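If you want the building blocks of each chain, they are given just below.
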Amino acid sequence: MLEIEALTVRYPNQPKPALEGVSMRVEGGERVALVGPSGGGKTTLFRAINGSVPSAAGAIVVGETLVAQAHGAALRALRRRIAVIAQMHDLVDRLAVYQNVMAGALGRWSSLHALRFLIHPNRRELGEAHAALERVGIAEKLRSRTSDLSGGQQQRVAIARALVQRPSVLLADEPVASLDPVLSEQILQLLCELARERGLALLCSLHQPQLAMRYFDRVIGLQHGRVVFDRPVAQLEAGTLVFAS
Amino acid sequence: MSLHGLLVAWNTIRSFFPPDLSPSYLSYVWLPVVQTIGMASAGMVIALCLGIPLAIFVGTRAPGWRVVVTLLSALRAIPDLTLAILAVVIVGLGPPAGMAALAAFYTAMVGKVFAELFLAAPPAPLGSLRATGASRLSVALFGLIPLTLPDLLTFGAYSFECALRASVIVGAVGGGGIGTELVGAINGLDYPRATTLIVVLALLVAAIDTAGWFMRKHPRIALVLFPIGIATMILNPPQIFVVRHALVTFAAMFPPLLPAQSLARLPALIWQTLEIALGGTALAVAVAIPLALGSARNVVHAGLVAVLRRFLDVARAVPEIVWGLILVVTAGIGPLAGALALGIHSAGVLGKLFAEAFENVDRAPVEALAATGAGRLPMVAFGIIPLAMGPLAIHTMFRLEWNVRAATVVGMIGAGGIGEALYNAQQHMQYQQMMAYVAVTWLLVILADAVGERVRNRLGWKYVTE
Numbered sequence: 001m002l003e004i005e006a007l008t009v010r011y012p013n014q015p016k017p018a019l020e021g022v023s024m025r026v027e028g029g030e031r032v033a034l035v036g037p038s039g040g041g042k043t044t045l046f047r048a049i050n051g052s053v054p055s056a057a058g059a060i061v062v063g064e065t066l067v068a069q070a071h072g073a074a075l076r077a078l079r080r081r082i083a084v085i086a087q088m089h090d091l092v093d094r095l096a097v098y099q100n101v102m103a104g105a106l107g108r109w110s111s112l113h114a115l116r117f118l119i120h121p122n123r124r125e126l127g128e129a130h131a132a133l134e135r136v137g138i139a140e141k142l143r144s145r146t147s148d149l150s151g152g153q154q155q156r157v158a159i160a161r162a163l164v165q166r167p168s169v170l171l172a173d174e175p176v177a178s179l180d181p182v183l184s185e186q187i188l189q190l191l192c193e194l195a196r197e198r199g200l201a202l203l204c205s206l207h208q209p210q211l212a213m214r215y216f217d218r219v220i221g222l223q224h225g226r227v228v229f230d231r232p233v234a235q236l237e238a239g240t241l242v243f244a245s
Numbered sequence: 001m002s003l004h005g006l007l008v009a010w011n012t013i014r015s016f017f018p019p020d021l022s023p024s025y026l027s028y029v030w031l032p033v034v035q036t037i038g039m040a041s042a043g044m045v046i047a048l049c050l051g052i053p054l055a056i057f058v059g060t061r062a063p064g065w066r067v068v069v070t071l072l073s074a075l076r077a078i079p080d081l082t083l084a085i086l087a088v089v090i091v092g093l094g095p096p097a098g099m100a101a102l103a104a105f106y107t108a109m110v111g112k113v114f115a116e117l118f119l120a121a122p123p124a125p126l127g128s129l130r131a132t133g134a135s136r137l138s139v140a141l142f143g144l145i146p147l148t149l150p151d152l153l154t155f156g157a158y159s160f161e162c163a164l165r166a167s168v169i170v171g172a173v174g175g176g177g178i179g180t181e182l183v184g185a186i187n188g189l190d191y192p193r194a195t196t197l198i199v200v201l202a203l204l205v206a207a208i209d210t211a212g213w214f215m216r217k218h219p220r221i222a223l224v225l226f227p228i229g230i231a232t233m234i235l236n237p238p239q240i241f242v243v244r245h246a247l248v249t250f251a252a253m254f255p256p257l258l259p260a261q262s263l264a265r266l267p268a269l270i271w272q273t274l275e276i277a278l279g280g281t282a283l284a285v286a287v288a289i290p291l292a293l294g295s296a297r298n299v300v301h302a303g304l305v306a307v308l309r310r311f312l313d314v315a316r317a318v319p320e321i322v323w324g325l326i327l328v329v330t331a332g333i334g335p336l337a338g339a340l341a342l343g344i345h346s347a348g349v350l351g352k353l354f355a356e357a358f359e360n361v362d363r364a365p366v367e368a369l370a371a372t373g374a375g376r377l378p379m380v381a382f383g384i385i386p387l388a389m390g391p392l393a394i395h396t397m398f399r400l401e402w403n404v405r406a407a408t409v410v411g412m413i414g415a416g417g418i419g420e421a422l423y424n425a426q427q428h429m430q431y432q433q434m435m436a437y438v439a440v441t442w443l444l445v446i447l448a449d450a451v452g453e454r455v456r457n458r459l460g461w462k463y464v465t466e
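Going down the list, the protein sequences come from chains C and A.
Numbering follows this note's numbering, in which position 103 of the first sequence is assigned residue number 103; successive positions increment by one, without gaps.
Numbering follows this note's numbering, in which position 422 of the second sequence is assigned residue number 422; successive positions increment by one, without gaps.
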């Protein structure tokens, strides 16, 4: 579903590449954790996958599409298939919850449809938002103002938005970085269930190795822009996940 | 507006071109420009000479200081153009009237703001000065002023900039300078010269913007206003400044009185004034939102931004009164011209503020929308506009308050509302009526400010972005 081959990314005015020769493969329904110190290239990798930063060498293929060749409408079509969940603060807090959830559909809606929805959402669209919120366990918040929700609830709204997008790849960038341990486990469990249930390729960056071991099928270590290991959880021991600085 | 009306308007606009650029006229035009700058300087010199002692009086909490604060606030609520109309009656047409109006308005402004700065000065050093038995004046000279000097200079420079801008428009009611020239050209149907003057005026306002920016960085430069101001005062003595005459004229304005017929029309006049303010603000918001989106760098291409920003600059640089003068000629006398004049100027102001609000929205949620594959328009509708809603509402509210003040004065050039009645009363020397309209204007402005403040407090709005 997601295939990366010898990817190198350079930022202008920086001597060292942010990513160098990174290769990996994530199948549909597979749950992969990405671990490593901050500045190791995790966020850059996500930005490269959805075409936000150009690659200097190598290739990223999502489904049948080569990311480097997608521009304009083709790039938007590609992004529609990749849902991104970031570490909070990526919701528009002044909108109602259902509006934030259905923003996941903006990629397939026409501009006119989007404007009409803002003014007068129809029953079917509200039903879709409700179903997505029900799946993440906060259906009762459908019409609340997003800023009135707690951090954990907002993260659930972000996940519901990703569901509405009907993606084939789900990228989660430190989805539990600002949540307490109990909430963190609930959110990760939810993400992993959804990936299995809908056959999504899930790539999730984390900085707690124990969580990676508990919920994911495979763990990839990224340090100084390079893949330092890529193994199924069964072959890993907790001690091997410590990085030399 | 009918087709015939449009044709007339079009022909009128055409008669403004080409501007009169003959050497003889150009060599004359610099005179009113210099006069305008001189009037602002003279007004500020007087304002500083009166305002600073008043501020010290308040700042040292001398007995009765609260009364002075109330009086200064009350004086500040009278629009500058309304003061200019009063000044014309007392000291006669021309620059002295403009200087007197600016002096009165800025005495109130300097007095109030300097007093607030003094009151907020750290109390400990002042207390120890007082403990030495120093007099009020010594406390001010050795404590208050040194402690607050940077703020005093910055605010002084800023109010000089405001006075320069106001100096351009007090002329519209006979207060001298370029404003008087412009009204003369328009009333004399000399439109090509009016165009020249409007261009000169726009350049002058742009120059004031630049000078203001420079003065806020180097406030001491504003000290040049002293020689310029004093020279202007010496060169333009009031024509009829005899104390007895002034007192008699002023006394003739009291008690303010409206004949029954005018009194019956008063509610309609007030309503018309509010309509001008509301209509102008609504028009400005409707125009400003698309223009601001088109001049926000995070929404459209930088090339379009540069073009649209120039448009906004022009709309903003020309004061409401000047737009009013042009519109009264092209769209006809009446409240529509007033609302349009306020609308165009406010669209320029709001357009710039809205564009800044759009550019300052939190980037993360907008990028998250882009990551779903959303197009540009949905991204604006779901992200940028809702995220900027708070600042947008606050700017609009402030503008509406300002526009109530402006709506009371655009009438003086024939654009309807209470200002027109005030101006007509002055022209017919019905000074008791005139004073009644001044009082109504004053109440309207105070009321608008109070209502605005209440609404903002209730909603918990502050004049900063979230």
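Be aware that a few hints might be false.
Claimed, not checked - Chain A is faced by these chain C residues, among others (derived, beta-carbon under 10 Å):
hint : residue
1    : V84
2    : A86
3    : D93
4    : L95
5    : Q99
6    : N100
7    : G104
8    : H113
9    : L118
10   : R135
11   : R161
12   : C192
Unchecked claim - Over 10 Å on every C-beta distance to chain A, these chain C residues come out as not near it, computed from the model:
hint : residue
13   : R76
14   : A83
15   : G107
16   : Q165
17   : V182
Stated by the list, open to error - Stretches of chain A that chain C covers, calculated by requiring three or more beta carbons in the stretch to come under 8 Å of a beta carbon on chain C:
hint : stretch
18   : 227-236
19   : 368-377
For the record, the hints were derived by calculation from the structure and aren't laboratory data.
Predicted, not measured: the structure shown is a model, and the values here were computed from it.
Yeah, the Cβ is synthetic: ideal placement off N, Cα and C, and Gly gets one too.
Do the hints match the structure? See the list:
{"no.": "1", "hint": "V84", "verdict": "4 Å, holds"}
{"no.": "2", "hint": "A86", "verdict": "6 Å, holds"}
{"no.": "3", "hint": "D93", "verdict": "8 Å, holds"}
{"no.": "4", "hint": "L95", "verdict": "5 Å, holds"}
{"no.": "5", "hint": "Q99", "verdict": "7 Å, holds"}
{"no.": "6", "hint": "N100", "verdict": "8 Å, holds"}
{"no.": "7", "hint": "G104", "verdict": "6 Å, holds"}
{"no.": "8", "hint": "H113", "verdict": "9 Å, holds"}
{"no.": "9", "hint": "L118", "verdict": "6 Å, holds"}
{"no.": "10", "hint": "R135", "verdict": "18 Å, violated"}
{"no.": "11", "hint": "R161", "verdict": "8 Å, holds"}
{"no.": "12", "hint": "C192", "verdict": "21 Å, violated"}
{"no.": "13", "hint": "R76", "verdict": "4 Å, violated"}
{"no.": "14", "hint": "A83", "verdict": "7 Å, violated"}
{"no.": "15", "hint": "G107", "verdict": "3 Å, violated"}
{"no.": "16", "hint": "Q165", "verdict": "6 Å, violated"}
{"no.": "17", "hint": "V182", "verdict": "25 Å, holds"}
{"no.": "18", "hint": "227-236", "verdict": "violated (count 0)"}
{"no.": "19", "hint": "368-377", "verdict": "holds (count 9)"}
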